[in-house]
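Please take these sequences and the hints and turn them into a complete structure.
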Amino acid sequence: MSVCRNSSWVLILLSFALSAMPVRAQSDYDCSTAQTLKEFLDERHIEPESLEGQWSQAVATSFILRLDPQGLLFTQEDFKGPLSSLNELESVIKEDACAFLNDFNDLLTARLTALDSVLNTIKTVEELNAYQQGNTRPLSLDAYVGSVNDLRNRWGSHIRMVFMKDIYLESGEVETSAEAQSAELTRLLEQEHCKLQKKLSLLDDESNFVSKAFFNAMAMAYDSHTRYYRFSLTDMLSAFFSESDESYGFKLTENEQGEIAVSKLLPGGPAWRSNEIHVGDVLLKMKLSDDTELDFNCISLDEVSRSISKKAAKNAELTLLTTSRELKTIKLRKEKVTTDENAVRGYVLNGEKKIGYISLPDFYSTDDGDDEEERGCSRDVARELIKLKREKIEGLIFDLRDNGGGSLREAVELLGIFIEEGPLTLIQRKDKITLLRDQNRGAIYLGPLVVLVNGQSASASELVASTLKDYNRALIVGDTTFGKAVGQLYRTIGSETDDGDQENPTDKLERALMKITTSRLFRLKGDSYQGLGVAPHIYVPDLLDGEDEKESFDPFSVTRQQVDRDTYFKKYPDFPLSDLQAENELRLEKNGFSKLRLISDSLRHGKQVLGDGFKKENFIGVRRLQQEKKRGLEKLRLVGAQTFEAQNHEFDKTIISMDSKKNAIESMTLKNLQNNIYIRNAYAVILDLIRTTD
Amino acid sequence: MKRKLLQLSLMGLLTFLTLSLDAYQRKKEPQFDLNKSLDYMQAISHETSQISQDMMSYISAAAHSKRAKKIDKRRQEVVGTIFQAARKIKRMPDFRGDGSYRDAAIAYLEVRYRVMNEDYAQIVDMEELAQESYDGMEAYLLMKEKVDEKLDAAFLEFKEGQRKFASDNNITLVDGEKDKLSIAMEKTGRVNKYNNQVYLIYWKSRIEEKHLWKAVKAGDLSAMEQRKNSMLQYSQEGLVKLQELGGFDGDKGLIIACGKALRFFEAHANNDVDKLQEFFLSKEQFENVKKAYDNKRSSDRTQEDVDRYNNALKKYNGGIDTYNNVVASTNKGRTAAINGYNEASDKFRNRHTPRYK
Numbered sequence: 021m022s023v024c025r026n027s028s029w030v031l032i033l034l035s036f037a038l039s040a041m042p043v044r045a046q047s048d049y050d051c052s053t054a055q056t057l058k059e060f061l062d063e064r065h066i067e068p069e070s071l072e073g074q075w076s077q078a079v080a081t082s083f084i085l086r087l088d089p090q091g092l093l094f095t096q097e098d099f100k101g102p103l104s105s106l107n108e109l110e111s112v113i114k115e116d117a118c119a120f121l122n123d124f125n126d127l128l129t130a131r132l133t134a135l136d137s138v139l140n141t142i143k144t145v146e147e148l149n150a151y152q153q154g155n156t157r158p159l160s161l162d163a164y165v166g167s168v169n170d171l172r173n174r175w176g177s178h179i180r181m182v183f184m185k186d187i188y189l190e191s192g193e194v195e196t197s198a199e200a201q202s203a204e205l206t207r208l209l210e211q212e213h214c215k216l217q218k219k220l221s222l223l224d225d226e227s228n229f230v231s232k233a234f235f236n237a238m239a240m241a242y243d244s245h246t247r248y249y250r251f252s253l254t255d256m257l258s259a260f261f262s263e264s265d266e267s268y269g270f271k272l273t274e275n276e277q278g279e280i281a282v283s284k285l286l287p288g289g290p291a292w293r294s295n296e297i298h299v300g301d302v303l304l305k306m307k308l309s310d311d312t313e314l315d316f317n318c319i320s321l322d323e324v325s326r327s328i329s330k331k332a333a334k335n336a337e338l339t340l341l342t343t344s345r346e347l348k349t350i351k352l353r354k355e356k357v358t359t360d361e362n363a364v365r366g367y368v369l370n371g372e373k374k375i376g377y378i379s380l381p382d383f384y385s386t387d388d389g390d391d392e393e394e395r396g397c398s399r400d401v402a403r404e405l406i407k408l409k410r411e412k413i414e415g416l417i418f419d420l421r422d423n424g425g426g427s428l429r430e431a432v433e434l435l436g437i438f439i440e441e442g443p444l445t446l447i448q449r450k451d452k453i454t455l456l457r458d459q460n461r462g463a464i465y466l467g468p469l470v471v472l473v474n475g476q477s478a479s480a481s482e483l484v485a486s487t488l489k490d491y492n493r494a495l496i497v498g499d500t501t502f503g504k505a506v507g508q509l510y511r512t513i514g515s516e517t518d519d520g521d522q523e524n525p526t527d528k529l530e531r532a533l534m535k536i537t538t539s540r541l542f543r544l545k546g547d548s549y550q551g552l553g554v555a556p557h558i559y560v561p562d563l564l565d566g567e568d569e570k571e572s573f574d575p576f577s578v579t580r581q582q583v584d585r586d587t588y589f590k591k592y593p594d595f596p597l598s599d600l601q602a603e604n605e606l607r608l609e610k611n612g613f614s615k616l617r618l619i620s621d622s623l624r625h626g627k628q629v630l631g632d633g634f635k636k637e638n639f640i641g642v643r644r645l646q647q648e649k650k651r652g653l654e655k656l657r658l659v660g661a662q663t664f665e666a667q668n669h670e671f672d673k674t675i676i677s678m679d680s681k682k683n684a685i686e687s688m689t690l691k692n693l694q695n696n697i698y699i700r701n702a703y704a705v706i707l708d709l710i711r712t713t714d
Numbered sequence: 061m062k063r064k065l066l067q068l069s070l071m072g073l074l075t076f077l078t079l080s081l082d083a084y085q086r087k088k089e090p091q092f093d094l095n096k097s098l099d100y101m102q103a104i105s106h107e108t109s110q111i112s113q114d115m116m117s118y119i120s121a122a123a124h125s126k127r128a129k130k131i132d133k134r135r136q137e138v139v140g141t142i143f144q145a146a147r148k149i150k151r152m153p154d155f156r157g158d159g160s161y162r163d164a165a166i167a168y169l170e171v172r173y174r175v176m177n178e179d180y181a182q183i184v185d186m187e188e189l190a191q192e193s194y195d196g197m198e199a200y201l202l203m204k205e206k207v208d209e210k211l212d213a214a215f216l217e218f219k220e221g222q223r224k225f226a227s228d229n230n231i232t233l234v235d236g237e238k239d240k241l242s243i244a245m246e247k248t249g250r251v252n253k254y255n256n257q258v259y260l261i262y263w264k265s266r267i268e269e270k271h272l273w274k275a276v277k278a279g280d281l282s283a284m285e286q287r288k289n290s291m292l293q294y295s296q297e298g299l300v301k302l303q304e305l306g307g308f309d310g311d312k313g314l315i316i317a318c319g320k321a322l323r324f325f326e327a328h329a330n331n332d333v334d335k336l337q338e339f340f341l342s343k344e345q346f347e348n349v350k351k352a353y354d355n356k357r358s359s360d361r362t363q364e365d366v367d368r369y370n371n372a373l374k375k376y377n378g379g380i381d382t383y384n385n386v387v388a389s390t391n392k393g394r395t396a397a398i399n400g401y402n403e404a405s406d407k408f409r410n411r412h413t414p415r416y417k
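Respectively, the protein sequence lines represent chains A and B.
With the working numbering, the residue at position 314 of the first sequence is 334, and numbering never jumps.
With the working numbering, the residue at position 205 of the second sequence is 265, and numbering never jumps.
These are computed hints drawn from the structure, not numbers from a lab.
Quick reminder that beta carbons are idealized off the backbone N, C-alpha and C, glycines included.
Treat the hints with care, since some could be wrong.
With beta-carbon atoms standing in for the labels, derived distance ranges [what the hints assert, rightly or not]: (1) B:374 / A:374: 24 to 30 Å; (2) A:467 / B:374: 30 to 36 Å; (3) A:583 / B:323: 42 to 48 Å; (4) A:583 / B:157: 52 to 58 Å.
Here is the structure:
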């Protein structure tokens, strides 16, 4: 059972006891896989009834939105003409008429080729400026343009938007010379041409791109957390990270837009520990220690992997596009990471008081069902906590920011660390509701506790935050969480024996993996945070200015329900909330945090209206706000920089002092902890908490 | 321990057996004229009171005998008596066209039969689970309460039938003096209740200690810490509860023994568990230091590295000694605590459970 925000690396409880469903590698688009998938989803998904009567429409929408999220490829005319099969998908599949995917493939190829040819018509900046109106992202099929002719404008406008962003937001100058603009346009057109070619190559090969995209769209029509994975189970279970080599500790994949995206993080690895890079983030650029810059915009996954494995990439600056479409630059250093090391590390924030700090980016579990020596994150957290208690900490900050979830069992066990005994959550599978209780009586840590969350803390993180909140056990600090109160199970499709059929090698069956939403989680009083998130006690807003990616913005999310349960549990004493909130607001006002929030809001709004007439002043306005925000953040980092000193605990100190590489990495980590404005604020909050409850 | 639980599980089964009519001796099968209302009534109460006597005999055997076979033989005797009694009552005719009193008695005996046969079997099954957790033990006791409630309800219906029969036939029911049997049963009920209360207090800490050592064997620091904290909490809470509970009819033997056991668990949590954890942490530390040390070329190793390695090794070796000492002293202390409690419990029941037959 896993509960996670996205397709993170969770291998927990992979169930192999499945209905064996052969999924045939196909080139002729027969409907057997689609039929089997539909039956599988209808039988196991938590809410198949939500698609009743609108299955075809939902799958079609999911399919088109995933393949063409910006509305650059398909038109209303297509949906009535060559893609009309989309309107009656249910019967198409029943009647085994999946050959329409061939037509789809052809149309997609033709459109990508046509867009490429439009690039050739743009020779100068003036020609590009002829495209006047910016595009808005379509959220339904009705929002796609009417005809092919409109696509040309849409595509041109898209290129113009990218160009203007490059010129006004990305370059170092406010006013760029005509020559520089022309050079930038040439570079951009080449880049877009390359991207289109890359997408065309995806359609060209035998990877069955369209059919796999269709299967995934089918899955995601049930809800966005239900997935059909393009890679096989063997891939999923193979060792992604070599222990003998140094690495950043992430695995990359090519997403459906042909972008290079992070598909998995190795717990305890450099990427994991930075807590700055997450599954789903798109890798755009890499700057090496010798100042070479590699652009990943249009190169193949193999090429990217080769670049990353180079020696010069030992220290690198990576530019990423986050899932909320924010640009982010982070520094990473490769290291050897062994899986027997504790992926979780505890720190002491030594200031007015000694406060422990533990960050958990993912609820990982190494349980594959047979491993008696399994070590999940709850045990690792507990181990670090025991070490921190020996440092005589007076409070603990448990950081779940950007934690997209993972193993439900680990979340439940983790709660047991902080709660002595009692019920923890309600889980509904089909019609059966089960109360999950703390299995181990007794807690490990009962002192003052702050749980740090943000808008990307999802699923298992939200379970932990909500239960600790309901018990009054922890003060929840940060922004309202993601809002995912549904759980998934991994299921393989296809049988093992089929996979190795030597007698009929041509009849080889592909084994794939599905993640399927099979459960709902409820709080102990029967309500749910699905689509709502968990509101913090102490509000410290995310300073983001990208697009909102929370569950409530997802058209395919599972509906929120509540159950009639009123579970009895013994609460801890109430917090002096009004005092703590007042202190916090005053602090945010004083140190400039609140002002930064306003700037971020303006920035978000400014970005949304950039396409309105492509006005230069709008771009310059956004650029000004970006710079203002950057300055504000720098200033905020300086305010109270001496609040505490981040230190390793005694157990880690000895090891680190013996290893110069680790020493360098840890120095960077400690510095980051000290400089992090959210952690610093959490430190202030926990001091307030200790003071007010003493 | 299992034997004790068996006996505890029967607490309450007796409570509602005594009827207010005169008790009949079973030495000689009396003859009843079933056309006479008083005889009709006495015929029924004769059967039910026989069951009461068998039950008491069974409870007494369970309390004073260590022979499981003998105890189970007595249980089967009770089941047989109930079966026979029900059969006899079923054969009785209606009394002047009214069979309601007889049917109420049959319904009551059927419930009793099921309790002794089926619920009893379930209770026995639950005993196994009760050995594994405090919750299991609580559930086990709850199950017994439910069985009592079931009997209670059945008995009330039977009693109502009896009252109605007496009233319809102008028989005045008089609460007789408490006979020897009912006094014995009441005392047994009190003994069991008290014994149960003390046992649960003891068990709450004891089971944590059991789980603690499971965690030690698995090297699971997290579970160790949780069990340590709960064992400490429950033993301290238990000591307070024992004070509140006081002795049984002036006998403080059981709570004194329980208090000794709880103080052992408390001291174990306070003094030993950290040492055990220290051993696991020093082991982990040594392994990490060794790895870092081995990864360095010998020419790169500094005197500080050598010192760190030696220190880690020294700590680890020290940890092994401490671990072994803690294991030995805990085994000794635990044996003394458990034996002390069991002996006190045996003594308590021997002293206070009435002997019958």
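Each hint, compared with the structure:
1. Under the hint 24 to 30 Å, the C-beta atoms of residue 374 of chain B and residue 374 of chain A, about 27 Å apart, fit the expected range.
2. Separated by about 32 Å at the C-beta atoms, residue 467 of chain A and residue 374 of chain B satisfy the suggested range of 30 to 36 Å.
3. In this structure the supplied range 42 to 48 Å holds for residue 583 of chain A paired with residue 323 of chain B, their Cβ-Cβ distance being about 45 Å.
4. Separation of residue 583 of chain A from residue 157 of chain B is about 54 Å and conforms to the stated range, judged on CB atoms against 52 to 58 Å.
Checked against the numbered hints above, the structure violates none of them.
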